[in-house]
Amino acid sequence: MTAKTETIKERDHHAALRRDVKFLGNMLGDVLVHQGGQPLLEMVEKIREMTKSLRSHADESIYADLKAEISTLDPELRKQVIRAFAVYFHLVNIAEQNHRIRRRREYQFQEDSGKQPGSLEHAVASLKENGVSSEVIQQLLKTLSLELIITAHPTEATRRSVLEIHKRIAGLLHSLDQPIHTERERAELEDRLFNEVVILWQTDELRDRKPTVMDEVANGLYYFDETLFEVLPQIHQELELCLSKNYPGQEWHVPNFLRFGSWIGGDRDGNPNVTPEITWKTLTKQRALALRKYRESLKVLRKRLSQSTKRVAVSDELLASVQEETPLLSKGERWQVEHEIYRCKLTIMLKKLDQQQAFCYRSSDQLLQDLKMIQQSVLLHHPKGYELKSLQKLIRQVELFGFHLATLDIRNHSGEHEAAIKEIFHSVNLAEDYSSLPEEKKMQLLQDVLQDPRPLVSFKENYSKETQDVLDVFHMIRRAHKEFGTRSIEVYLISMTQSASDLLEVMVLAKEAGIYRLHPDGRIESRLNVAPLLETIDDLVAGPKIMEQLFQLDFYQKHLSEQNNLQEIMLGYSDGSKDGGTLTANWKLYKAQQEIHDMAKHYNVRLKFFHGRGGSLGRGGGPLNRSLLSQPAETLGDGVKITEQGEVLSSRYGLYDIAYRSLEQAASTLITAAAHVSTEAEQSNIRTGEWEKEMDEISSVSLSKYQELVFKDPDFLTYFKEATPLPELGALNIGSRPMSRKGSERFEDLRAIPWVFAWTQSRQLLPAWYAAGTGLSEGNLDNLKQMYKKWPFFRSTIDNLQMALLKADLMAAREYLAMVENKHAAERIFNDIETEYVQTKKALLAITGQNELMDHIPNIQESVRLRNPYVDPLSFLQVDVISKLRKKDEESDAGELLSEVLLTINGIAAGLRNTG
2 MTAKTETIKE RDHHAALRRD VKFLGNMLGD VLVHQGGQPL LEMVEKIREM
52 TKSLRSHADE SIYADLKAEI STLDPELRKQ VIRAFAVYFH LVNIAEQNHR
102 IRRRREYQFQ EDSGKQPGSL EHAVASLKEN GVSSEVIQQL LKTLSLELII
152 TAHPTEATRR SVLEIHKRIA GLLHSLDQPI HTERERAELE DRLFNEVVIL
202 WQTDELRDRK PTVMDEVANG LYYFDETLFE VLPQIHQELE LCLSKNYPGQ
252 EWHVPNFLRF GSWIGGDRDG NPNVTPEITW KTLTKQRALA LRKYRESLKV
302 LRKRLSQSTK RVAVSDELLA SVQEETPLLS KGERWQVEHE IYRCKLTIML
352 KKLDQQQAFC YRSSDQLLQD LKMIQQSVLL HHPKGYELKS LQKLIRQVEL
402 FGFHLATLDI RNHSGEHEAA IKEIFHSVNL AEDYSSLPEE KKMQLLQDVL
452 QDPRPLVSFK ENYSKETQDV LDVFHMIRRA HKEFGTRSIE VYLISMTQSA
502 SDLLEVMVLA KEAGIYRLHP DGRIESRLNV APLLETIDDL VAGPKIMEQL
552 FQLDFYQKHL SEQNNLQEIM LGYSDGSKDG GTLTANWKLY KAQQEIHDMA
602 KHYNVRLKFF HGRGGSLGRG GGPLNRSLLS QPAETLGDGV KITEQGEVLS
652 SRYGLYDIAY RSLEQAASTL ITAAAHVSTE AEQSNIRTGE WEKEMDEISS
702 VSLSKYQELV FKDPDFLTYF KEATPLPELG ALNIGSRPMS RKGSERFEDL
752 RAIPWVFAWT QSRQLLPAWY AAGTGLSEGN LDNLKQMYKK WPFFRSTIDN
802 LQMALLKADL MAAREYLAMV ENKHAAERIF NDIETEYVQT KKALLAITGQ
852 NELMDHIPNI QESVRLRNPY VDPLSFLQVD VISKLRKKDE ESDAGELLSE
902 VLLTINGIAA GLRNTG
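505 is the number that our numbering gives to position 504 of the sequence shown; each next residue is one higher, with no gaps.
Simulated from the structure, these hints should not be mistaken for laboratory data.
Here the structure is a predicted model, which is why all the values come from computation and not from measurement.
Heads up, some of the hints might be wrong.
[Claimed, not checked] No farther apart than 30 Å at their CA atoms in a straight line, the calculated lysine-lysine pairs in the DSSO-like style are these: (1) LYS694 - LYS602; (2) LYS423 - LYS294; (3) LYS722 - LYS466; (4) LYS68 - LYS53; (5) LYS466 - LYS211; (6) LYS294 - LYS143.
[As the list claims (entries may be wrong)] Distance ranges between label pairs, derived from CB positions: (7) THR719 - GLU43: 49 to 55 Å; (8) HIS427 - PRO273: 22 to 28 Å; (9) GLU779 - ARG20: 46 to 52 Å; (10) ASN565 - ARG20: 51 to 57 Å; (11) GLN358 - VAL137: 22 to 28 Å; (12) PRO256 - VAL429: 55 to 61 Å.
For every residue, glycine included, the Cβ atom is placed at its ideal position computed from N, Cα and C.
With the hints as extra help, turn the sequences into a complete structure.
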């Protein structure tokens with residue numbers, strides 16, 4: 002294919018997307034006229050044209066007219082105008098998702114077998130071409146692991162009801178893409194699509210209350226129910242097929258390397274609503290969903306497997322099993338045709354899924370055993386090479402999801418554990434005031450307790466409610482292990498880990514609940530992986546020393562041997578970025594992984610790094626496959642965990658095809674990166690000492706610049722609160738967790754999510770790029786160019802900075818200065834931000850050799866360019882409505898104004914496709 006042909010094809014692809022956007026836009030226009038009359042459509046068009054003209058050329062008269070038009074809008078019309086722009090973005094996002102699905106199918110239809118870059122087929126073929134042997138891949142698959150953890154972090158601004166309408170619109174748009182429809186069928190599809198857009202317009206986009214934790218649990222389970230239960234087995238099956246095709250003659254069975262876990266219902270850090278009872282309810286709901294899915298699949302199998310023992314010979318094991326278990330069912334419950342042996346067995350299995358029965362399955366292993374018995378029997382009479390895919394898929398699902406569905410992580414703040422230990426130690430005269438002890442004494446006390454098999458806690462002791470709550474969590478974990486299996490809860494995460502004692506405190510609490518046990522013969526039984534969460538810049542620097550202290554302890558090594566010699570370590574991207582800026586945070590995270598990995602190797606400890614990334618660029622976000630590539634390559638071999646949260650869940654996992662593509666890209670990236678490392682003796686081709694020294698210097702300069710503004714400028718915090726919709730965000734009702742720790746007004750206690758969310762709304766996106774330009778300008782440009790070409794970490798960092806600058810818009814951001822009372826301070830701080838923006842853009846273009854930001858990914862560049870003129874009206878409207886709301890003395894209209902502010906927040910979030 003020539004370059005000219007590729008350009009034409011790319012243009013054709015964009016033409017299809019533009020056609021869909023225009024089609025949906027026109028449909029929305031018809032809905033606006035129908036619902037609000039011609040004046041509504043005319044006002045929307047007028048404001049859009051004025052903001053578009055301002056982008057083409059700054060004209061003071063147009064600007065003045067636009068401001069006057071917006072400030073004098075009738076409140077009811079203003080609300081409808083805001084909604085019109087917001088709904089438009091929802092439709093554009095659906096069109097773009099449909100376009101991704103269309104592109105994937107086009108690759109699959111291509112004559113050259115459609116090896117789409119990032120696909121599993123492309124990955125395995127490239128391994129073969131690069132001479133990676135089947136033995137290396139077999140070895141790699143034994144340790145390969147990618148776990149994606151869904152969280153309830155409050156960044157999804159869109160209601161579930163609205164997301165379900167989106168899904169229906171997406172399905173209809175996809176159907177319209179099919180060329181086989183008659184004219185009448187097409188007209189009917191368009192009618193249905195119009196009706197859905199009408200329903201979208203008539204649905205309230207705002208939540209009328211904060212979601213409860215159980216609401217959040219239901220939201221998380223939605224993705225398992227709709228896509229993940231089907232997609233995960235499919236990814237494993239596709240990898241097996243690709244390996245068999247490229248490495249024939251080898252028998253391939255891909256282990257379950259890709260899993261999903263959850264924090265929802267287990268994350269107690271700063272959320273008093275997550276109680277042990279709520280966690281138990283969560284586990285029960287998860288099990289109920291898994292069992293329902295298995296019942297549905299067993300019923301489908303029962304319909305299909307109608308083979309008769311009059312026609313085929315089945316296994317003796319199956320016959321004996323049916324004969325033994327049939328009496329467990331009443332005559333009315335049994336399958337009535339006795340020679341349809343599989344149907345008889347599946348009917349028994351359905352009954353055994355009922356957890357109320359005395360003879361029910363006590364574990365998923367028992368269900369798996371029965372399914373494999375059927376599989377072995379079918380192989381006796383079914384043609385070889387034509388396995389029953391539905392049976393294979395169900396076996397894979399049971400292996401992946403068990404009866405627990407998803408492993409639930411428990412998380413709490415280190416301060417909670419220390420306070421509980423302080424009270425317990427005081428009650429048994431171990432320490433008068435544990436908290437005031439130096440770290441060495443704390444460590445010695447904790448070691449003594451952990452090496453003594455006797456318990457500390459007396460159940461007659463009256464502890465404070467806070468201490469009892471902490472203890473109750475550990476007792477609940479022990480009960481969960483008995484009821485739901487040890488896979489139900491495997492990891493306990495400690496927020497704000499600052500010392501080795503933070504981990505030992507949790508182990509002492511686990512010991513009191515019987516999860517950690519020391520036997521008289523010195524043997525240790527430990528059923529919980531205790532994992533530190535390193536969040537701030539200082540904690541990341543201290544991380545290697547903290548972990549080495551633990552690895553040197555004999556009993557800790559024995560504890561690790563119970564975890565397959567695997568230590569999990571979580572890295573927080575949000576607080577580090579808020580603490581030191583995105584460039585410094587990313588580099589400190591990278592270095593911490595390197596140093597901890599090298600140190601752990603000395604102690605023969607395997608590491609699994611858990612990346613606590615948000616959806617937005619300011620919290621470590623970006624494409625999943627690029628997130629994997631940006632890690633030190635040598636750390637990928639023993640497993641990776643990554644959080645998936647908020648708007649990321651709906652954008653990646655709401656639709657089957659998009660979910661498949663996202664997971665396929667992540668899996669193929671992990672496989673190729675890990676295979677490359679396993680075949681390279683040295684890592685010098687991936688990074689050099691000179692590059693690392695360059696990053697140290699750049700990071701140091703960037704940190705100083707960032708902290709000079711954020712921590713040292715006395716007016717900065719006021720500017721942030723007044724020049725963004727931060728005060729209004731709390732009313733958005735998007736999460737059960739408070740916006741700040743301890744309900745405090747201090748910057749240190751403000752959570753990273755509202756910090757990023759507010760800056761995104763004001764179009765400045767400061768956490769995602771600020772201070773990077775000052776740092777990069779100090780580097781050697783020739784070195785930086787080489788680093789961008791050859792070092793995945795640096796390339797990913799630079800590309801994320803490009804994306805942040807492209808999405809940021811300082812022309813629109815300047816409007817927010819009107820909301821700041823101290824005009825002099827606002828102008829001074831904004832000028833500093835503007836100067837840094839220009840410097841950062843200049844540095845990025847010099848490093849990449851591009852003429853414009855994101856030249857290397859034109860489809861994203863085009864998407865942002867087309868969106869900005871439609872986001873601008875929402876920014877102008879947001880500033881106008883917030884200004885009116887903050888000046889309101891009487892309460893009469895405040896509720897309605899706040900509602901309009903929240904609508905603009907929803908609209909901008911949809912327009913920029915990022916929140917927090």
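Is the Cα-Cα distance between LYS722 and LYS466 30 Å or less?
-> Violated, at about 35 Å.
Could you grab the alpha-carbon distance between LYS423 and LYS294 and see if it respects the 30 Å cut-off?
-> Violated, at roughly 46 Å.
Is the Cα-Cα distance between LYS694 and LYS602 30 Å or less?
-> holds (23 Å)
Range agreement (Cβ of GLU43 with Cβ of THR719, hint 49 to 55 Å) | violated (40 Å)
Does LYS466 pair with LYS211 here, judged by a C-alpha cut-off of 30 Å?
-> holds (26 Å)
C-beta pair PRO256, VAL429: status relative to the range 55 to 61 Å that was hinted = violated (46 Å)
Range agreement (Cβ of ARG20 with Cβ of ASN565, hint 51 to 57 Å) = holds (53 Å)
For the pair supplied as a hint, LYS68 and LYS53, is the alpha-carbon distance within the 30 Å limit?
-> It holds: about 14 Å lies between the C-alpha atoms, which stays within 30 Å.
Starting from the range 46 to 52 Å, see whether the pair GLU779 and ARG20 falls in it by beta-carbon distance.
-> Once the Cβ atoms are compared, 47 Å apart, the range 46 to 52 Å for ARG20 and GLU779 holds.
Is the Cα-Cα distance between LYS294 and LYS143 30 Å or less?
-> The given pair, whose Cα atoms are some 28 Å apart, holds under the 30 Å limit.
Just tell me: holds or violated, for the beta carbon distance of HIS427 and PRO273 against 22 to 28 Å?
-> holds (24 Å)
Could you say whether the range 22 to 28 Å given as a hint is met by the Cβ separation of GLN358 and VAL137?
-> violated (47 Å)
The structure fails hints 2, 3, 7, 11 and 12 (numbered hints given earlier, in ascending order).
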